[in-house]
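Trainee: As a plain string of letters, each chain reads:
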Amino acid sequence: MKSRYFAAAALLLFVLAYEAKAQFRFPMPEFESGYKHPEMNTPLPARIPAAVDITVLFVALAVTAWAVLKSRSRSMVFLIAIFSLLYFGFYRKGCVCPVGSLQNVVNAIIDRSFGVPIIVMAFFLLPLVFAVYFGRVFCAAVCPLGAIQEMCAISPIQLSRPVEITLGLLPYAYLGLTVLSLATGTGFLICRYDPFIGFFRQGASFNMFLTGGVLLLMGIFVARPYCRFLCPYGVLLRWASLFSKWHASITPAECIQCRLCESSCPYGAIVVPTPDDRSVDRRTGARRLGLLLLLTPVIVGTTAWTGMTAHKLVARLHPTVRLAERVAAEEQGRFAETTIDTDAFHAGKQMPAELYADANAIKQQFKYASAWFGAFMGLVICGKLIRLSVIRKSSDYEADRGACLSCARCFAYCPVVGPISQSDLRQECLDKHAQS
Amino acid sequence: MSEKPKIGRRDFMRVAATVAAGGGAWAVARRGDEATVWQLDPAKCVQCGRCSTNCVLNPSAVKCVHSFQICGYCDLCGAYLQPGAKARDTGAENELCPVGAITRTYIEDPFYQYTIDEKLCVGCGKCVKGCNVFGNGSLYLQVKHDLCVGCNECLIARNCPAKAYERVPVRTAYLLKTRDNGVLVPKLNLGTRLDSGTGKQG
Amino acid sequence: MRKNSGIGRRDFLRAAGAAAAGATLIANSRSQAGAASAAFSESKRIPLTMDNPSALTVGSGGGIYVAGENAVVTLDAHGKETARYGVKGRPGCLAVSAGGKLLVGMRNHVEVLDAKGLAASWQDLGERAYLTSIAVDDENIFVADAGNRVVLRFGHDGISRGRIGERDKERGLPGLVVPSPYFDVAIDPQGALWVVNPGKHGLENYRTNGDLVSSWYRSGMEAEAFCGCCNPIHIAFRSDNSLVTAEKGLSRVKVYSPDTTLLGIVAAEPAPPIAENKALFCNVEPPIMDLAVDQQDRILVLNKPEKAIIVYEEKRLPVEKKREG
Numbered sequence: 003m004k005s006r007y008f009a010a011a012a013l014l015l016f017v018l019a020y021e022a023k024a025q026f027r028f029p030m031p032e033f034e035s036g037y038k039h040p041e042m043n044t045p046l047p048a049r050i051p052a053a054v055d056i057t058v059l060f061v062a063l064a065v066t067a068w069a070v071l072k073s074r075s076r077s078m079v080f081l082i083a084i085f086s087l088l089y090f091g092f093y094r095k096g097c098v099c100p101v102g103s104l105q106n107v108v109n110a111i112i113d114r115s116f117g118v119p120i121i122v123m124a125f126f127l128l129p130l131v132f133a134v135y136f137g138r139v140f141c142a143a144v145c146p147l148g149a150i151q152e153m154c155a156i157s158p159i160q161l162s163r164p165v166e167i168t169l170g171l172l173p174y175a176y177l178g179l180t181v182l183s184l185a186t187g188t189g190f191l192i193c194r195y196d197p198f199i200g201f202f203r204q205g206a207s208f209n210m211f212l213t214g215g216v217l218l219l220m221g222i223f224v225a226r227p228y229c230r231f232l233c234p235y236g237v238l239l240r241w242a243s244l245f246s247k248w249h250a251s252i253t254p255a256e257c258i259q260c261r262l263c264e265s266s267c268p269y270g271a272i273v274v275p276t277p278d279d280r281s282v283d284r285r286t287g288a289r290r291l292g293l294l295l296l297l298t299p300v301i302v303g304t305t306a307w308t309g310m311t312a313h314k315l316v317a318r319l320h321p322t323v324r325l326a327e328r329v330a331a332e333e334q335g336r337f338a339e340t341t342i343d344t345d346a347f348h349a350g351k352q353m354p355a356e357l358y359a360d361a362n363a364i365k366q367q368f369k370y371a372s373a374w375f376g377a378f379m380g381l382v383i384c385g386k387l388i389r390l391s392v393i394r395k396s397s398d399y400e401a402d403r404g405a406c407l408s409c410a411r412c413f414a415y416c417p418v419v420g421p422i423s424q425s426d427l428r429q430e431c432l433d434k435h436a437q438s
Numbered sequence: 166m167s168e169k170p171k172i173g174r175r176d177f178m179r180v181a182a183t184v185a186a187g188g189g190a191w192a193v194a195r196r197g198d199e200a201t202v203w204q205l206d207p208a209k210c211v212q213c214g215r216c217s218t219n220c221v222l223n224p225s226a227v228k229c230v231h232s233f234q235i236c237g238y239c240d241l242c243g244a245y246l247q248p249g250a251k252a253r254d255t256g257a258e259n260e261l262c263p264v265g266a267i268t269r270t271y272i273e274d275p276f277y278q279y280t281i282d283e284k285l286c287v288g289c290g291k292c293v294k295g296c297n298v299f300g301n302g303s304l305y306l307q308v309k310h311d312l313c314v315g316c317n318e319c320l321i322a323r324n325c326p327a328k329a330y331e332r333v334p335v336r337t338a339y340l341l342k343t344r345d346n347g348v349l350v351p352k353l354n355l356g357t358r359l360d361s362g363t364g365k366q367g
Numbered sequence: 101m102r103k104n105s106g107i108g109r110r111d112f113l114r115a116a117g118a119a120a121a122g123a124t125l126i127a128n129s130r131s132q133a134g135a136a137s138a139a140f141s142e143s144k145r146i147p148l149t150m151d152n153p154s155a156l157t158v159g160s161g162g163g164i165y166v167a168g169e170n171a172v173v174t175l176d177a178h179g180k181e182t183a184r185y186g187v188k189g190r191p192g193c194l195a196v197s198a199g200g201k202l203l204v205g206m207r208n209h210v211e212v213l214d215a216k217g218l219a220a221s222w223q224d225l226g227e228r229a230y231l232t233s234i235a236v237d238d239e240n241i242f243v244a245d246a247g248n249r250v251v252l253r254f255g256h257d258g259i260s261r262g263r264i265g266e267r268d269k270e271r272g273l274p275g276l277v278v279p280s281p282y283f284d285v286a287i288d289p290q291g292a293l294w295v296v297n298p299g300k301h302g303l304e305n306y307r308t309n310g311d312l313v314s315s316w317y318r319s320g321m322e323a324e325a326f327c328g329c330c331n332p333i334h335i336a337f338r339s340d341n342s343l344v345t346a347e348k349g350l351s352r353v354k355v356y357s358p359d360t361t362l363l364g365i366v367a368a369e370p371a372p373p374i375a376e377n378k379a380l381f382c383n384v385e386p387p388i389m390d391l392a393v394d395q396q397d398r399i400l401v402l403n404k405p406e407k408a409i410i411v412y413e414e415k416r417l418p419v420e421k422k423r424e425g
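Protein chains in written order, with our numbering: chain H, 3 to 438; chain E, 166 to 367; chain V, 101 to 425.
No wet-lab data here; the hints were simulated from the structure.
Mixed in with the good hints there might be a few duds.
Cross-link-like lysine-lysine pairs, in silico, DSBU-like; alpha carbons within 30 Å at most [unchecked claim]: (1) E:Lys-328 / H:Lys-314; (2) H:Lys-95 / E:Lys-328; (3) V:Lys-216 / V:Lys-404; (4) E:Lys-209 / V:Lys-144; (5) E:Lys-328 / E:Lys-209; (6) V:Lys-407 / V:Lys-216; (7) E:Lys-209 / H:Lys-365; (8) V:Lys-144 / H:Lys-351; (9) H:Lys-351 / V:Lys-407; (10) V:Lys-188 / E:Lys-342; (11) V:Lys-404 / E:Lys-209.
With the rest of the complex left out, here is chain H (with noise of 0.2 Å):
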């Protein structure tokens, strides 16, 4: 019994002698006065809880559907975005916004160690979810860069189709860089790029600043530029808002075609009826339609092959590409003084040799990455020119399923009146009576 005592007290000293040899700090001078040293401070973040702003995105999103959808109300969604604008924005200074959170899911998928967290998901999912069945609800009042730039459209002016077309294409690109980006390990575009949260956060660089100023600025006549040239967000909110269940309509009931809502909307989203004498005859449409899905193919060979071959400089995004370059050019003597990224990579373990070839493996990345890139931009291109070719034929004013953003402010141009309760038709009738 003894010796068994014996042996776990040896052991214990003999732990308690290997802990405190791993642990040895260097002694403190011994202070006669005894003084004490203040404790260091060490403040941990303070986060809204996920779970509190889950809620809010969800109630936001289900209340500007209701106000959409049933109320039809425009105060509503504006009050809506203007909280939206406090809370999401200014409150939350803007981050994680679903816009961003599109990166970490995609990220995760190209990136098994990535993780996102639940929060970051529902950002990124709620809003979609919300699109399949509502419509683009998130960007009409719960989206804050949305809400700023409401705000600034005031005299909204509208634009000619082909430009609207044209500049419809940047948020593909935006999307498909984007991808880009995160497939060759470039870093988060979108965050770097945001114009808006400047304002949100109070702090940004220069540029920045006078970027988010030039799009406001803008915004007050070509409203919302942001959301309609840029957003790459967008294009999933609208590839998800084409197969709603339910969506904005100008009309409450059926449309009269009295043309009021015509230039009712700042955004170019209204289908306007096709015109009974076509301008384009059924088989010169038609052959214009089978030469487009012909060219299809070498379009989209041609703009991947520009995407390959432009490979090299789409490359210099990333900075292990440019602190490659920078490093061969100073040994070549090409520049005088060293870069503190130079300098740190100089004194570090790697060797120059090592640090080209991991350069010249991004640029083989980027090689790939960019014809992809090419090719997907083809099809876009491709894909809007046979949309355009396509005979589409609408009796109908209706709001464009992937382009409206159901800001309700057509609502007020329509002049039909909504199916009503038998509760309200009672009602007026009651009231008619009384007045005659």
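Fit chains E and V to the given chain H structure using the hints.
Mentor: Below, chains E and V alone, put in the same frame as chain H:
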């Protein structure tokens, strides 16, 4: 009547798409994932000064912290005083800190206490440099989480030449300096060449 | 490429500088000892095969002893390995007694090695102890404990005989200021014990009973002073009683004459750019791990990043060379 299956198919696809997206999302997102914050590893930091200029906030969310257990409490503090300072008192011309954020107080002979005033500190790292070169290395930069807004992609992290920034779990939100056998273990292999020859300082 | 041509330029500059220095020395062949006139050059480099070299000492027979991670190695005067002993850990300091016994300072105790290996392990000096230097004379072994800010005096049998340098109000000794684990002791050719007071940037001379005999301090950034929080980190004496010092922060090796004026700078690196926003890579462990002087008054510097012992020799004046013939 004939419309019903059409709506039914679309509805089904919508529900399927939603469920698939949700399921896919769950698969992609890490289970039991905890929140992470940005932090700077002091062993990799090279005090280049970018922490103060690259943060999206102004002043930067990166501040200097002081590990009193490592500090030597020296009279001639390499972080407080400019190299070659004529006097050791608290005069602005003697101080290395460009904003005067270090406070020097006498404790007892020959020890002095140095504390950082975080309201003034801009995170430039000059005192860190001085302390690392001429002192024990008890001063170092850290991201302060009561100030940091937690950007999705930290701008300082992107531009750090030593790649010293990483995402750490909130549990260990600070990467505090520790000592190992009395000497800090350097992570970079740094060689300094001593120039002999003319007897003049190279 | 550019790096190569850089070295070529440096070599040329060294040669030109040496020639210029030589010329000035010829012109001032009778210069006073006040001016820093001695010139040094690297004469040899002994590469080391161990990990993490940490301590260096030279024996009376010319043998060189180096300690590193888990090993203590004996080299002959040409740098060839003659013996290797295993130790547990990384010794902080090393000394060799006249009888050929190796005194290895581990973190908190001393181990004695003879030709066969571990001969004795002295008492554990406590939790706070951190041994940084050992100096030996015929009767005593002085062990510098940086953790406790004291120099311990042992007999050759390992029995503790006294403590030197502690704060003592009765004797009016303020005590040693040791802010970091760099604390050196050495015995000069006259047999006097010198203890570095790193926080005060100077040296103190003690009697074996702990009485302070003399001291001198030099604080500042100038060449003849010591900068930073704790310098010099290592000292050694040459046969003419001149003092060799090694520093960290502004890494350099200097030689002082016995009257404490600067004789010359053996080796130095450029001043680090503290006040500029330039990336600074400071090896938190200084490159100079230890210092020793051999029988020919050559200065041996244990350089960790180079993983070598660099031997510096003082350049003799051409005039004297002619005399030697």
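Trainee: Hints first: check each against the structure and report whether it holds.
Mentor: Hint check:
1. E:Lys-328 / H:Lys-314: holds, 24 Å
2. H:Lys-95 / E:Lys-328: The hint holds at about 26 Å.
3. V:Lys-216 / V:Lys-404: Holds, because 28 Å separates the two Cα atoms, which is no more than 30 Å.
4. E:Lys-209 / V:Lys-144: Roughly 34 Å separates the two Cα atoms, so the pair is violated.
5. E:Lys-328 / E:Lys-209: Holds: Lys-328 of chain E and Lys-209 of chain E sit about 7 Å apart, inside 30 Å.
6. V:Lys-407 / V:Lys-216: holds, 27 Å
7. E:Lys-209 / H:Lys-365: holds, 27 Å
8. V:Lys-144 / H:Lys-351: holds, 27 Å
9. H:Lys-351 / V:Lys-407: Holds, because 16 Å separates the two Cα atoms, which is no more than 30 Å.
10. V:Lys-188 / E:Lys-342: holds, 26 Å
11. V:Lys-404 / E:Lys-209: holds, 20 Å
In this structure, only the earlier hint numbered 4 is contradicted, and the remaining ones agree with it.
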